[in-house]
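Could you put the whole structure together from the sequences, leaning on the hints where they help?
Using this note's numbering, you'd call the opening residue of the sequence shown number 1238 and step up by one each time.
Heads up, some of the hints might be wrong.
[Said to hold, decoys possible] In the EDC-like style, the derived pairs of lysine to aspartate or glutamate whose C-alpha atoms are separated by at most 20 Å in a straight line are: (1) LYS1364 to GLU1402; (2) LYS1303 to GLU1293; (3) LYS1303 to GLU1321; (4) LYS1303 to GLU1325; (5) LYS1364 to GLU1287; (6) LYS1643 to ASP1696; (7) LYS1643 to GLU1601; (8) LYS1364 to GLU1348; (9) LYS1643 to ASP1562; (10) LYS1364 to GLU1352; (11) LYS1303 to GLU1318; (12) LYS1364 to ASP1615; (13) LYS1364 to ASP1404.
[As the list claims (entries may be wrong)] Simulated DEER-style distance windows between Cβ atoms: (14) ILE1726 to PRO1753: 30 to 40 Å; (15) GLN1784 to PRO1631: 36 to 46 Å; (16) ARG1633 to GLN1319: 51 to 61 Å; (17) GLY1306 to ALA1329: 14 to 24 Å; (18) ALA1436 to ARG1300: 52 to 62 Å; (19) PRO1722 to GLU1321: 17 to 27 Å; (20) GLN1784 to PRO1317: 37 to 47 Å; (21) ASN1791 to PRO1317: 33 to 43 Å.
If you're looking for bench data, these hints aren't it; they were derived computationally from the structure. Just so we're clear, the structure is a prediction, and the values are computed from it rather than from any experiment. We put the CB at the ideal spot given by N, CA and C, even for glycine.
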Amino acid sequence: MNRPMLTDRFLSFCRQSLLGSGLGLLLSVPLAARPAQAVQRIYFSYGAFERSVSFEAIETYARTGKITGDLVAYARYATPEQLEQLREILQARADIDAVAVSQFLYTEQGEAILERVGNLIQTESHKSGFYAIRSALILAAADSQEGLTPLNFLRQFPLAGLRVEIDRTLAIADELEDLVNESTAALAAVQTEFELEAATPIDPALPDLRTPGPNRSQRQTITLVNRQRDRVFLADVYLPVAPANRPPLPAAPVIVISHGLGSDRTSFAYLAEHLASYGFAVALVEHPGSNTAQLEALLSGRAGEVIQPEEFVDRALDIRLLLNDLNRRSRNDPLFRGRLNVQQVGVIGQSFGGYTALALAGAEINRDQLRQDCPPGDSFNLSLLLQCQANDLPQRTPRLRDDRIKAVMALNPFNSSIFGQENLAPINLPVMIVSGSADTVTPALFEQIRPFTWLTTPDRFLLLLRGGTHFSTIGPSENPAVDLPPEVIGPDPTIARRYISAFSVAFFQTYLANQPSYRPYLSAAYANRLSQAPLPLQLVRSLTPEQLATSLSNSSDRTPTPSRD
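Written out as structure tokens, the structure reads:
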């Protein structure tokens, strides 16, 4: 194994994962008193072999760039580039409120992460570093001058010695390398199928669906109340309005858009406006148990968990209630009368919303799969921390499928354990799954590519954004709980949003509005036409479990046995 390359990949993965997920953004801190002593030495243990370096030497290097003391012996094994990268990492600051992170670290997900890290970063006496890590993180975050940096974390560590278990760290690095190889092989399998499908040409005169349609939209905000579940929420409804020189539009098919965890309904306003311009009525629903307000409540101490388990049910029931309300308004409300066809409904969902869309399409929670996969252990699939919360649902839950829904589009969904192959396969509606190859929150291989191979519906599509992240398709929100840095959002999200605008029109015109003239757009050739750097686009309609397994097997055969040299 190329250890320098692995180090770079490992650091890159950690940086994107810890900054990129709603969980990782909060991985940092609870309040405690300042330690009586700062860490003096950092020990590196590998079996019976052990070496150490003083904190003083590390701090001197981070501050001045001078390699002194016992750090000299270690520096010989690193390139100048790696040493400079280490210095940057030591001083990289995360501006996160200490109270907010404290709240997160006392949640089930936060403590699960601390348990993992505590097996790698231990006390001098080989005990888990769980509590010392939590204390050091909070003290660093509460330090208004230095802030939360790796260097300040070491300074605030409340014990004289900090031990890094190299053998466990290398084992995790090897697992990451395996994941990288498998993900690369999966992407290669998609690439091969894409090239085969893209060989079928399409009419070069087809209009560009990234361009808005002829209609304008009229937005109306409605309030919905579910008294049985003590739930009040809002939805923005975008009604299409024909140009002044044309007759009124017929009753429009309805598309509901479900946001992800910690987001809100405004984050897909761009998509609602675009779809309305093509004649769809679009409802942006706000899920009160997993929206921006819920994340803010967690950060401020007013909520004790990221979500309640009931949110896996409540989200789908929010949309059912919304459709019932729209059906009533289409008959009785002058603004809506005759303008909605609530028997022809599509759902678009991102992340948690992607789960919601698939649940409404007929996928049922797979308790056997959850019991098998949870707790997630040392998995790099961060979404399992959320999926596993569904284990705490009551044994009897309402049926979530809604027969009014005719097609679903799931952006960066999680589903591998909460549904599994057994409960994804029965979906018989048209499904489009959208994936980003650089998604570290719901990894493409685990949560989109492999689950796509489980689908049996003949009308299935996998839309892959090469280089896309978990956040590429999300638009600006009016009230974001956390401002994500550009490196987490990924390259040029405007391109990603235009991709989604185009393919959502093609997908729902074909399967919701029953307009077969849009079917040619749902092709690899059209994806190839739209594709542009730095987010190349691929679409495939077919990828079998056998194809994927063969590609992964070939990757494993090519991977050399890791060396510990």
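Status of the hints after comparison with the structure:
no., hint, result
1, LYS1364 to GLU1402, "holds (11 Å)"
2, LYS1303 to GLU1293, "holds (12 Å)"
3, LYS1303 to GLU1321, "holds (11 Å)"
4, LYS1303 to GLU1325, "holds (14 Å)"
5, LYS1364 to GLU1287, "holds (16 Å)"
6, LYS1643 to ASP1696, "holds (12 Å)"
7, LYS1643 to GLU1601, "holds (17 Å)"
8, LYS1364 to GLU1348, "holds (16 Å)"
9, LYS1643 to ASP1562, "holds (18 Å)"
10, LYS1364 to GLU1352, "holds (11 Å)"
11, LYS1303 to GLU1318, "holds (15 Å)"
12, LYS1364 to ASP1615, "holds (18 Å)"
13, LYS1364 to ASP1404, "holds (15 Å)"
14, ILE1726 to PRO1753: 30 to 40 Å, "holds (36 Å)"
15, GLN1784 to PRO1631: 36 to 46 Å, "holds (39 Å)"
16, ARG1633 to GLN1319: 51 to 61 Å, "holds (55 Å)"
17, GLY1306 to ALA1329: 14 to 24 Å, "holds (23 Å)"
18, ALA1436 to ARG1300: 52 to 62 Å, "holds (58 Å)"
19, PRO1722 to GLU1321: 17 to 27 Å, "holds (20 Å)"
20, GLN1784 to PRO1317: 37 to 47 Å, "holds (43 Å)"
21, ASN1791 to PRO1317: 33 to 43 Å, "holds (36 Å)"
Going down the numbered hints, you'll see the structure goes against none, and every one checks out.
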